[in-house]
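Just so you know, the sequences run in chain order A and B.
Be aware that the first sequence starts at 1, since it is given in this note's numbering, and climbs by one per residue.
Be aware that the second sequence starts at 156, since it is given in this note's numbering, and climbs by one per residue.
Note that these hints are calculated values from the structure, not bench results.
All figures in this text were calculated on a predicted structure; none of them were measured in a lab.
Ideal Cβ placement from N, Cα and C applies to all residues, glycine included.
Watch out, some of these pointers could steer you wrong.
Claimed, not checked - Covered stretches of chain A (in silico footprint by chain B; criterion: 3 or more residues with CB under 8 Å from a CB of chain B, positions within the stretch not fixed):
#, segment
1, 79 to 86
2, 95 to 107
3, 116 to 122
4, 137 to 151
Unchecked claim - Derived DSBU-like pairs: lysine-lysine, alpha-carbon spacing no greater than 35 Å straight-line:
#, chain 1, residue 1, chain 2, residue 2
5, A, K76, B, K224
6, A, K100, A, K110
7, B, K158, A, K67
8, B, K199, A, K76
9, A, K84, A, K55
10, B, K199, A, K88
11, A, K55, A, K77
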Amino acid sequence: MLGIRLFFIGILASAVIGAGVYVMKLRSDNAILKANAIKLESAVAEQQELITQQKEDFKEILAANQKMNKLVGALKKDLEDLDKRFNKNNRDFGKLALEKTGAIERIINKGGDAASRCIEIASGAELTEQEINATKKSEINRECPSIANPNYVPY
Amino acid sequence: MNKPTPLQIEQLEWIIITSNNAEEVFKRLEEQGIDPVLFGLTDKDFQLLAKNFARIRNHLKVTNDLLDKYKEYYEPEKKENVKDGE
Numbered sequence: 001m002l003g004i005r006l007f008f009i010g011i012l013a014s015a016v017i018g019a020g021v022y023v024m025k026l027r028s029d030n031a032i033l034k035a036n037a038i039k040l041e042s043a044v045a046e047q048q049e050l051i052t053q054q055k056e057d058f059k060e061i062l063a064a065n066q067k068m069n070k071l072v073g074a075l076k077k078d079l080e081d082l083d084k085r086f087n088k089n090n091r092d093f094g095k096l097a098l099e100k101t102g103a104i105e106r107i108i109n110k111g112g113d114a115a116s117r118c119i120e121i122a123s124g125a126e127l128t129e130q131e132i133n134a135t136k137k138s139e140i141n142r143e144c145p146s147i148a149n150p151n152y153v154p155y
Numbered sequence: 156m157n158k159p160t161p162l163q164i165e166q167l168e169w170i171i172i173t174s175n176n177a178e179e180v181f182k183r184l185e186e187q188g189i190d191p192v193l194f195g196l197t198d199k200d201f202q203l204l205a206k207n208f209a210r211i212r213n214h215l216k217v218t219n220d221l222l223d224k225y226k227e228y229y230e231p232e233k234k235e236n237v238k239d240g241e
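This is chain A alone, in the form it adopts within the complex (with noise of 0.2 Å):
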């Protein structure tokens, strides 16, 4: 008889123990759980941080790609007026120079003075107050109005 109670006993010990085993292993798994959705909430927000960043970017890049190819145009069109002004009306700029040397000669010059600062600015220097101001024709530098002078709209 007391074998019988003493084996009940144990079953229901037993059961008691592993109850209690089993609740704190739920407990421990939602605590890991609980940790888990904690990152995921966590990555969830990185990425979305991250996605955020990327669209700006994007729009950045696509900003100064547009930039860079209004750029290229202007600089286009600079080579182009260029060879304007030496074929311009199938000029011809060697019987030009012989007919007129002095005026050619000051010509070349002046427009050697400011293709050089052309290549400065180019490189990186600073734009002077007049080349900032220069909105005519006359005060503009004609080798590279697009980089040189802001300011100046054709006409």
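Based on these hints, arrange chain B on the given structure of chain A.
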């Protein structure tokens, strides 16, 4: 990273020498104590030189602007600090 120092170009003088003024030009050079020797270009080659210069300038400008953009992207704080310090 600091940007390269902008170039400072030396000014030079172009002399046009033709069959008509050659003697006069060399005489003038001698009077000024300059060796009577000139390095010549034909009118066509002068045009090519001018265009080559313009192409180099354009390339320099594009490269320099690209560098500015990269600096803006990779060193935004540094740039702000520089602005603050001004």
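Each hint, compared with the structure:
Taking a C-beta to C-beta cut-off of 8 Å, the segment 79 to 86 of chain A contributes 4 residues in contact with chain B, enough for the three needed, and the coverage statement holds. Using a Cβ-Cβ cut-off of 8 Å, 5 residues of the segment 95 to 107 of chain A lie near chain B, which meets the minimum of three, so the contact claim holds. With 7 residues carrying a beta carbon less than 8 Å from a beta carbon of chain B, the segment 116 to 122 of chain A meets the three-residue requirement, and the given coverage holds. Only when three residues or more bring their CB closer than 8 Å to a CB of chain B does the claim for the segment 137 to 151 of chain A stand; here the count is 3, and the claim holds.
Taking the CA atoms of K76/A and K224/B, the gap is about 21 Å. The hint holds against a cut of 35 Å. Distance check on the hinted pair: K100/A and K110/A sit about 16 Å apart at the alpha-carbon level, within 35 Å; holds. Taking the CA atoms of K158/B and K67/A, the gap is near 20 Å; set against the 35 Å cutoff, the hint holds. Proximity of K199/B to K76/A is assessed by CA-CA distance (about 20 Å); at most 35 Å being required, the pair is judged to hold.
Distance hint between K84/A and K55/A is unfulfilled; the C-alpha atoms sit about 43 Å from each other, more than 35 Å. Distance check on the hinted pair: K199/B and K88/A sit about 14 Å apart at the alpha-carbon level, within 35 Å; holds. Our distance criterion of 35 Å between C-alpha atoms is met by K55/A and K77/A, whose separation comes to about 33 Å.
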